[in-house]
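Q: Single-letter residue listing:
Number of protein chains: 2
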Amino acid sequence: MKILITGITGFVSSHFLDYLNVKEPGAEVMGIARNMDAFDKSRYHNLKITIKLIDLLNKDAVGIIISDFEPEYILHLASVSSVALSWQTPLESFVNNTNIFLNVVEQVRAYKIKCRILSIGSSEEYGEVTEAELPLTEAHQLKPVSPYAVARVAQEMLSAIYAEGFNVDIIITRSFNHIGPGQLDKFVISSFAKQLVAIANDDKKEKKIITGDLSITRDFLDVRDVAKAYYILLKQGKKNSVYNICSGKGTVLKDIITIMSRQLNIAIETEVNPQLIRPNENRKITGSYQKMKTDFGWQPEIPLEQSLADIIGYWQKK
Amino acid sequence: MKILITGITGFVSSHFLDYLNVKEPGAEVMGIARNMDAFDKSRYHNLKITIKLIDLLNKDAVGIIISDFEPEYILHLASVSSVALSWQTPLESFVNNTNIFLNVVEQVRAYKIKCRILSIGSSEEYGEVTEAELPLTEAHQLKPVSPYAVARVAQEMLSAIYAEGFNVDIIITRSFNHIGPGQLDKFVISSFAKQLVAIANDDKKEKKIITGDLSITRDFLDVRDVAKAYYILLKQGKKNSVYNICSGKGTVLKDIITIMSRQLNIAIETEVNPQLIRPNENRKITGSYQKMKTDFGWQPEIPLEQSLADIIGYWQKK
Numbered sequence: 008m009k010i011l012i013t014g015i016t017g018f019v020s021s022h023f024l025d026y027l028n029v030k031e032p033g034a035e036v037m038g039i040a041r042n043m044d045a046f047d048k049s050r051y052h053n054l055k056i057t058i059k060l061i062d063l064l065n066k067d068a069v070g071i072i073i074s075d076f077e078p079e080y081i082l083h084l085a086s087v088s089s090v091a092l093s094w095q096t097p098l099e100s101f102v103n104n105t106n107i108f109l110n111v112v113e114q115v116r117a118y119k120i121k122c123r124i125l126s127i128g129s130s131e132e133y134g135e136v137t138e139a140e141l142p143l144t145e146a147h148q149l150k151p152v153s154p155y156a157v158a159r160v161a162q163e164m165l166s167a168i169y170a171e172g173f174n175v176d177i178i179i180t181r182s183f184n185h186i187g188p189g190q191l192d193k194f195v196i197s198s199f200a201k202q203l204v205a206i207a208n209d210d211k212k213e214k215k216i217i218t219g220d221l222s223i224t225r226d227f228l229d230v231r232d233v234a235k236a237y238y239i240l241l242k243q244g245k246k247n248s249v250y251n252i253c254s255g256k257g258t259v260l261k262d263i264i265t266i267m268s269r270q271l272n273i274a275i276e277t278e279v280n281p282q283l284i285r286p287n288e289n290r291k292i293t294g295s296y297q298k299m300k301t302d303f304g305w306q307p308e309i310p311l312e313q314s315l316a317d318i319i320g321y322w323q324k325k
Numbered sequence: 008m009k010i011l012i013t014g015i016t017g018f019v020s021s022h023f024l025d026y027l028n029v030k031e032p033g034a035e036v037m038g039i040a041r042n043m044d045a046f047d048k049s050r051y052h053n054l055k056i057t058i059k060l061i062d063l064l065n066k067d068a069v070g071i072i073i074s075d076f077e078p079e080y081i082l083h084l085a086s087v088s089s090v091a092l093s094w095q096t097p098l099e100s101f102v103n104n105t106n107i108f109l110n111v112v113e114q115v116r117a118y119k120i121k122c123r124i125l126s127i128g129s130s131e132e133y134g135e136v137t138e139a140e141l142p143l144t145e146a147h148q149l150k151p152v153s154p155y156a157v158a159r160v161a162q163e164m165l166s167a168i169y170a171e172g173f174n175v176d177i178i179i180t181r182s183f184n185h186i187g188p189g190q191l192d193k194f195v196i197s198s199f200a201k202q203l204v205a206i207a208n209d210d211k212k213e214k215k216i217i218t219g220d221l222s223i224t225r226d227f228l229d230v231r232d233v234a235k236a237y238y239i240l241l242k243q244g245k246k247n248s249v250y251n252i253c254s255g256k257g258t259v260l261k262d263i264i265t266i267m268s269r270q271l272n273i274a275i276e277t278e279v280n281p282q283l284i285r286p287n288e289n290r291k292i293t294g295s296y297q298k299m300k301t302d303f304g305w306q307p308e309i310p311l312e313q314s315l316a317d318i319i320g321y322w323q324k325k
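Quick mapping for you: the protein sequence lines, in order, are chains X and H.
Everything in the first sequence is counted per this note's numbering, starting at 8 for the first residue and increasing by one.
Everything in the second sequence is counted per this note's numbering, starting at 8 for the first residue and increasing by one.
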């Protein structure tokens with residue numbers, strides 16, 4: 008297997024490479040990243056990994072790498088994927104989602120590379136939804152309400168044009184919140200876990216954490232289930248098809264803190280900081296993974312409690 | 008009036024400046040263009056026009072101009088607006104529509120300039136439509152089917168985000184085919200007129216022109232009616248509202264050749280070149296301008312015959 012992975016040093020990639028390391032020993036992997044400071048190649052000893060440090064906005068550099076390597080598969084993970092950040096720096100968010108994707112598919116087209124591309128999208132594309140519309144299926148209308156979401160919808164529209172108009176083999180996901188060991192603490196669950204571990208390790212610390220709105224419900228999927236889904240889509244996905252990648256279950260944020268506190272055997276108070284509450288946020292989001300199940304028999308395998316225990320383990324080791 | 012016009016040396020801009028020259032004597036106009044080879048400033052003697060030759064993809068340069076000039080209005084006409092070209096160079100089409108627009112609105116936001124922006128979109132955004140859905144109203148769903156159309160939809164989605172999320176005062180059009188004197192001969196009606204004038208002027212020339220599919224129906228609006236509509240929208244448009252700019256009438260291409268041949272008093276044969284026929288093209292497109300009429304009393308004033316006579320006059324003078 009010859010696969011190009013953009014954003015190779017990121018959270019999802021690390022778990023995808025773990026999976027590939029077992030499933031595809033001997034695979035040739037070309038990675039694109041901005042730097043490899045935190046990347047540990049030895050973790051994936053069965054893979055032949057090369058990394059190029061370029062900016063994906065540099066289309067010529069992207070073209071050189073793609074034409075030299077001639078990948079059979081491209082897993083396009085690179086993204087500035089924060090909704091909050093997209094409100095602060097909307098231009099950077101847009102170009103580092105839509106334009107970097109366009110550079111990749113355009114170079115595949117221009118160099119006439121025969122390869123399959125997995126274009127990662129987001130549940131944020133659905134935007135404004137009512138509870139009656141849950142769980143969201145792929146047929147649901149897209150009403151993006153943030154700069155990040157617009158960038159992802161534009162990426163998806165471009166995917167369809169390149170697939171239908173230029174016959175580029177692209178498959179599209181709408182991925183819901185994923186969680187797991189190794190995720191940066193700017194993401195909510197990882198941030199909670201890190202704070203709770205710090206409290207559990209220090210008797211003198213106040214047993215309280217500051218949070219945003221804990222009453223909202225989200226669809227959390229373990230990153231290792233995500234990695235497996237992406238592998239299946241690369242191998243078996245249908246060209247120009249869109250797939251939800253989600254757990255199908257709604258979990259209230261508050262319950263996540265309760266579970267982790269129990270796992271750490273501590274009692275915790277929470278205090279809401281109104282500044283951390285986002286305006287216009289959906290109260291509840293859940294997705295349907297029926298299409299992934301019907302088409303490929305994929306379904307989530309790792310229970311939430313296991314994911315949370317592993318995230319705690321990660322921060323305890325750190 | 009202080010107005011910034013991007014694409015100031017283009018076809019639509021020339022007619023908008025004609026209108027401004029009468030309507031707003033003394034207006035200060037800052038123009039952005041790539042070159043001004045074909046620009047005749049003396050035509051607009053009542054206006055104070057300055058032009059900066061920059062690439063709109065250079066966001067820093069855009070920011071300098073906007074912050075120095077502090078426009079009250081921005082008319083964003085610059086666009087690589089060819090559907091055909093967007094299939095040849097999709098990346099260039101995307102960045103020279105979506106990204107140049109994003110650079111303009113982002114600099115307005117970043118420098119906190121209080122101004123009103125008119126974002127020009129296209130009827131191409133509607134994409135695939137059936138005859139039963141005509142005439143198209145602004146409520147119609149967007150199903151873009153070309154790289155150019157996707158770029159315009161992305162621009163429109165970004166307009167909504169900047170208007171709602173960042174309180175930037177943006178108004179949006181979906182403009183249908185416009186025609187008039189001065190249009191480049193890469194556009195169909197102007198191309199027909201140029202060929203017919205050449206035939207009328209030369210007895211020895213074969214009385215035949217080569218065309219694409221002449222049986223399709225389009226909604227053609229005189230560019231001078233377009234210019235007036237844009238002026239009205241800049242003055243009175245409702246923030247974050249979308250307006251069709253169209254004639255409301257469908258005209259079969261074949262009939263346009265008939266009218267112009269009669270005006271030139273020549274008999275003409277046509278021959279279809281199958282290579283000029285676009286795949287997946289809609290047979291018929293017409294728009295509804297009811298919203299423009301209800302909200303502002305705007306309606307098309309120049310009859311098709313007049314537009315065609317003026318286009319012929321333009322090529323006769325050339």
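Think of the hints as simulated: they come from the structure by calculation, not from any bench.
It should be emphasised that the depicted structure is a prediction, and the values quoted were computed from it without experimental measurement.
Misleading hints may appear alongside valid ones.
Given that identical chains are not distinguished, each listed pair holds provided it fits within a single copy or across any two copies.
Straight line, CA to CA, 27 Å or less: simulated DSSO-like cross-link-like pairs of lysine-lysine [claimed, not checked]:
1) Lys-193 with Lys-291
2) Lys-298 with Lys-261
3) Lys-246 with Lys-150
4) Lys-256 with Lys-9
Q: Please work out whether the CA atoms of Lys-193 and Lys-291 approach to 27 Å or closer within one copy, between two copies, in both situations, or in neither?
A: Close inside one copy (21 Å), not across copies (51 Å); limit 27 Å.
Q: Which holds for Lys-256 with Lys-9 at a C-alpha limit of 27 Å: within a copy, between copies, both or neither?
A: neither (35 Å within a copy, 55 Å between copies)
Q: When Cα atoms must be at most 27 Å apart, do Lys-246 and Lys-150 count as within-copy, between-copy, both, or neither?
A: both (24 Å within a copy, 19 Å between copies)
Q: For Lys-298 vs Lys-261, is the C-alpha pair at or below 27 Å within one copy, between two copies, both, or neither?
A: So Lys-298 and Lys-261 fail the 27 Å test inside a copy (29 Å) and across (48 Å) alike.
Checked against the numbered hints listed earlier, the structure breaks hints 2, 4; every other hint is satisfied.
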